[in-house]
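Enquirer: So the chains spell out like this:
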Amino acid sequence: MNMPSYTAAALAERFGLGVHGDGSVAVESVGTLAAAGASQLAFLANPKYRGQLADSGAGVVVMREADAEGFAGTALIAADPYAAFARIAALFEPRPERPPGVHPSAAIDATAEVAADAHIGAFVSIGARSRVEAGAVVGPGCVIGEDCVVGAGSELIARVTLVTRVRLGHRVRIHPGAVLGADGFGLAMDNGHWLNVPQLGGVVIGDDCEIGANTTIDRGAIEDTVLGEDVRLDNQIQIGHNVTIGAHTAMAGCSAVAGSAKIGRYCLIGGAAGVLGHLEVCDRVVITAMSLVTSSIREPGEYSSGTPLMDNRSWRRNAARFKQLDALARRVPRAEP
Amino acid sequence: MNMPSYTAAALAERFGLGVHGDGSVAVESVGTLAAAGASQLAFLANPKYRGQLADSGAGVVVMREADAEGFAGTALIAADPYAAFARIAALFEPRPERPPGVHPSAAIDATAEVAADAHIGAFVSIGARSRVEAGAVVGPGCVIGEDCVVGAGSELIARVTLVTRVRLGHRVRIHPGAVLGADGFGLAMDNGHWLNVPQLGGVVIGDDCEIGANTTIDRGAIEDTVLGEDVRLDNQIQIGHNVTIGAHTAMAGCSAVAGSAKIGRYCLIGGAAGVLGHLEVCDRVVITAMSLVTSSIREPGEYSSGTPLMDNRSWRRNAARFKQLDALARRVPRAEP
Amino acid sequence: MNMPSYTAAALAERFGLGVHGDGSVAVESVGTLAAAGASQLAFLANPKYRGQLADSGAGVVVMREADAEGFAGTALIAADPYAAFARIAALFEPRPERPPGVHPSAAIDATAEVAADAHIGAFVSIGARSRVEAGAVVGPGCVIGEDCVVGAGSELIARVTLVTRVRLGHRVRIHPGAVLGADGFGLAMDNGHWLNVPQLGGVVIGDDCEIGANTTIDRGAIEDTVLGEDVRLDNQIQIGHNVTIGAHTAMAGCSAVAGSAKIGRYCLIGGAAGVLGHLEVCDRVVITAMSLVTSSIREPGEYSSGTPLMDNRSWRRNAARFKQLDALARRVPRAEP
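Top to bottom, those sequences are chains A, B and C. Numbered continuously in this note's numbering, the first sequence closes out at residue 337. Numbered continuously in this note's numbering, the second sequence closes out at residue 1337. Numbered continuously in this note's numbering, the third sequence closes out at residue 2337.
To be clear, the hints were calculated from the coordinates, so they are not data collected in a lab. A couple of the hints might just be wrong.
Claimed, not checked - So the derived label-pair ranges between C-beta atoms look like this: (1) A:S39 <-> B:S1314: 44 to 52 angstroms; (2) A:R313 <-> C:Q2052: 30 to 38 angstroms; (3) B:A1035 <-> C:N2046: 53 to 61 angstroms.
Stated by the list, open to error - Listed below are several chain A residues computed to face chain B (Cβ distance under 8 angstroms; list not exhaustive): (4) F123; (5) V143; (6) D183; (7) D218; (8) T288; (9) N312.
From the three backbone atoms N, C-alpha and C, an ideal C-beta is built for every residue, glycine too.
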């Protein structure tokens, strides 16, 4: 691996940023404001960390113009320092080589199609009538079942499963252990036994989506489970059958959406939060961590449930009172005495 | 794939249903009441959707007798339309071919037994003394360790792991990423370090169980972890060591049962709900989503914990008061003034 | 498999225990106090089970000295019977053979290093510049990416993924489906689209750690995600990027720690509990199941959130009052009437 190196001025030119101080400083990697050294670039976005700036050893710091006043070092000036940092950091990201071609161990059905410039790793199996498009990467140990599409430029990092009827758009990234297109959980009780309801739909994933490690997205019962473009799912998320998630929505780890719920665009779902089945959540809704959505949300805004953390002894006392809350409330005077 | 086609009359005959209207209508697939076309069959089970019936383009609709009165189209009459639909829909389910035989890439221990009509997919490994019975399917990428049994007619869709001492009954289905038989989480603190308690038991899964994607079921410490027949587990569920789950119980996604708990028969455990270790939950208990069972349940019925979702500002105000609840309660007059 | 057999006296000698009664009794396996037979060894640690002692058919029982008074059978006397049992039980644990050597199907990059006495199973892939040290076991279906280290004596049971820049210490055990080193969930909103923030760090796992099935540990954004020595993670846990977890901390199934949080040493995190990002939790903190840590914890102790389980009808009444809690509190008299 060659070490890349860029001057501050070259980075400013490349990403349309301003330069404050000495543009000839060379950047060879990135670091945190607290720990970066003379050949490293750091960033200051959150005002909370402004105090670290004076002591930072970073050769270059990306920051807002206002923060650069009086800064003695080299700064790159950006309206959004975090986004600018993200773009610059990508220059220093070591990327594994995924050359075009099919690993000799791969088991590919005769009816599947693989683009000439796609990469198919070791121990990959691809089922009947599936298609891997131009420039796509299917990492080691992935299983692609029947009637799937891996869109152009998409990347299945490793050990991803697309069960059946999963169609990925362009530039979709899926992390290891994710399972898309497994049977939705559709059951009918029939004379004391469960009867499976066939899950005939598929999964459709929009362009530029990202799906985290060990996340599961079930296929639809009759119609499809659908993610709009640029939806971002963290790890260990569960998406039930026939869910739809609007474009640009991001969900944090361990959250879950039950069957047939519809989530809007630009929503932020916190970690381990849940949405019950068949509900609708409108655009631009924020759900805080571990909250449970039990009825549809029609207004944008931030929503929460749960109780605050307490020392266990206090919690026991207060939680016991929760069981009496209705009775207590009936005894509270209507107006302040 | 040939497109199957059945007349309404043929479906009625096959599944013991009544016919209302023209029995000669041909059904080539299934759809939703709202979206189905002339060659499709839909169903009406939930009265909430009765309003969609008049406008439905479905060629045939499965419904209760009472709903068919005055219906101008073709109906199939069933006491339980959803179950009847499930059976009919299965006729239209595309099923991947899993012909008998062992994929040449499979790595099978010399002491393992595989039935002649079982299907073993690509990149499957099977350990010492394990047995795959008649008609079973072991999809691509599965790992079966030592001393396991895959019962007759069972199906491991893909990338399932049976670690060791896992015995599946007949017709068990397991979805990708599930891990059965990993070490239970048994630890003893010993002079400031954790000591592993050997997990010598196994996992026993009853006939007709279904295990969702990325669900984990640990093996027992001394005795076995046991699921009765027809237990249905959704995705991302965690079952601790030595748990027993009674027949016909269904658990929704992301729920969890801690070690040595006993869950009864015909229970319904909601999404992300939890049951603490060593508790007993009797038959026919319903736990709503994200509730936590902290003591044994001796009476059938529906149980819940948690607080309702609110806009974040209201939630903060109310949640802060939860910390004062015991103190508040002490100040509430004993009887209404 | 030969059946091992040890006399009580031999076990006492080996593990430094006292003998009460007949030391010549032979032990061939272990069992529970309730179910063990004459050739089995059981243990009594929890006083709650003392009542089972008189009726136990166990040939030998490990117990505290005080419990052995008046016990007619053979006892092994230990200060900590559970830890002593754990050590004895390990003698009876069937362990799969994992002989040194590389399975012919494995796909190992030319620049990777594998110790001569390491075991590499079927369908394993190992990427560029990765190293598997002495005595390590990499079970079937594992994927090891670029620049990883599997430390001496470590064991990846099966189907584990180390994505990139993951360094395991010595004697680390990882269960199937775990994914270490996937991209942290780092996003910047940029003109209405999400922009990925490159995740340039790695994951460092201390000696003697254990990582459960389907657990995920993301790699750091700039610096590393770090687990100290002897950290024990159960199944289905999510550890965000740049988290640090102190030595000897144990986390139960389905718990989660969001990005950049710091957890202390000797903490116990209950099942499905969560810690929000950027918080600090000091040493020796216990978090009960399904609690959410929303601010830093500076004092050792036990902490909880949530409400108690109730029958659903009572819960609905009380939960509805939670929405009025602040208003109610304002109407409660300041002092008791």
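Enquirer: Compare the structure with each hint and give your call.
Expert: Hint by hint, here is what the structure shows:
1. A:S39 <-> B:S1314: 44 to 52 angstroms: holds (51 angstroms)
2. A:R313 <-> C:Q2052: 30 to 38 angstroms: Roughly 32 angstroms apart at Cβ, these two residues keep to the hinted range, so it holds.
3. B:A1035 <-> C:N2046: 53 to 61 angstroms: holds (58 angstroms)
4. F123: holds (5 angstroms)
5. V143: holds (5 angstroms)
6. D183: Nearest chain B Cβ about 7 angstroms off; hint holds.
7. D218: With Cβ-Cβ at 7 angstroms, under 8 angstroms, it holds.
8. T288: With a closest approach of 7 angstroms, the A:T288 hint holds.
9. N312: violated (12 angstroms)
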